[in-house]
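Could you build all of it, start to finish, from the sequences and the hints given here?
So the protein sequences, as listed, match chains F and H. To convert a position in the first sequence, counted from 1, into this note's numbering, add 1. To convert a position in the second sequence, counted from 1, into this note's numbering, add 20.
No lab work stands behind these hints, which were simulated from the structure alone. Incorrect hints may have been included.
[Stated by the list, open to error] Quick list of simulated restraints, FRET-style, between CB atoms:
(1) E97/H / S16/F: 41 to 51 Å
(2) G17/F / T33/H: 42 to 52 Å
(3) G117/H / A73/F: 31 to 41 Å
(4) K15/F / E97/H: 41 to 51 Å
(5) P87/F / G60/H: 13 to 23 Å
Idealized CB from N, CA, C, for every residue including glycine.
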Amino acid sequence: GAVVSQHPSRVICKSGTSVKIECRSLDFQATTMFWYRQFPKQSLMLMATSNEGSKATYEQGVEKDKFLINHASLTLSTLTVTSAHPEDSSFYICSAREKGVLNYGYTFGSGTRLTVV
Amino acid sequence: GQNIDQPTEMTATEGAIVQINCTYQTSGFNGLFWYQQHAGEAPTFLSYNVLDGLEEKGRFSSFLSRSKGYSYLLLKELQMKDSASYLCAVSGVFSGGYNKLIFGAGTRLAVHP
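Here it is in structure tokens:
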């Protein structure tokens with residue numbers, strides 16, 4: 002089945018630094034990739050949708066200059082948390098939709114636990 | 021805006037049956053998903069409904085009524101390992117013109133011996 006690889010699984014960084022999270026579709030082409038954030042005991046909140054070769058679409062309330070998304074190819078999307086602060090500490094999860102599969106086929110990465118100290 | 025509601029917490033006994041309800045009001049719809057999520061892990065796919073009716077898959081079944089904006093997930097023969105959060109999610113074209121998946125707040129299920 003479809004596999005999405007997300008790295009790193011855990012990262013600790015100092016306040017003010019930037020962190021990059023990668024999301025790769027290993028055995029399929031991902032037309033669209035999604036980035037979610039999840040705080041403890043809360044559900045997944047969609048942050049942005051990225052389509053290969055075009056700018057990401059951000060959800061209301063998500064700062065696009067703080068959360069930089071690049072979807073340079075059909076198999077790779079990256080999320081960079083810039084100038085991270087402790088309140089950015091969260092679980093970040095990517096999801097990819099397979100090209101040509103309309104409504105089925107959202108595959109999730111294993112998530113990245115970000116801790117900003 | 022989009023609205024997906026489900027109970028926050030439920031408890032049940034090992035071996036029993038539990039039904040987790042989900043109601044939704046969204047501007048678009050092309051399918052409803054149920055996911056299971058254990059703490060600190062990514063969600064895992066359980067079921068997908070796009071037409072009205074019941075979809076059965078082993079101990080798990082999911083029902084959809086599009087006219088009522090209602091779905092439920094039915095878990096039979098509960099096991100301790102079923103203690104997890106269950107997420108209802110709706111797929112559709114909402115703002116931005118792209119098909120996307122949005123989640124309800126999740127239901128934390130605790131299974132007791």
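Do the hints match the structure? See the list:
no.: 1; hint: E97/H / S16/F: 41 to 51 Å; verdict: 48 Å, holds
no.: 2; hint: G17/F / T33/H: 42 to 52 Å; verdict: 50 Å, holds
no.: 3; hint: G117/H / A73/F: 31 to 41 Å; verdict: 21 Å, violated
no.: 4; hint: K15/F / E97/H: 41 to 51 Å; verdict: 49 Å, holds
no.: 5; hint: P87/F / G60/H: 13 to 23 Å; verdict: 19 Å, holds
When the structure is compared with the earlier hints, a violation turns up for hint 3 alone.
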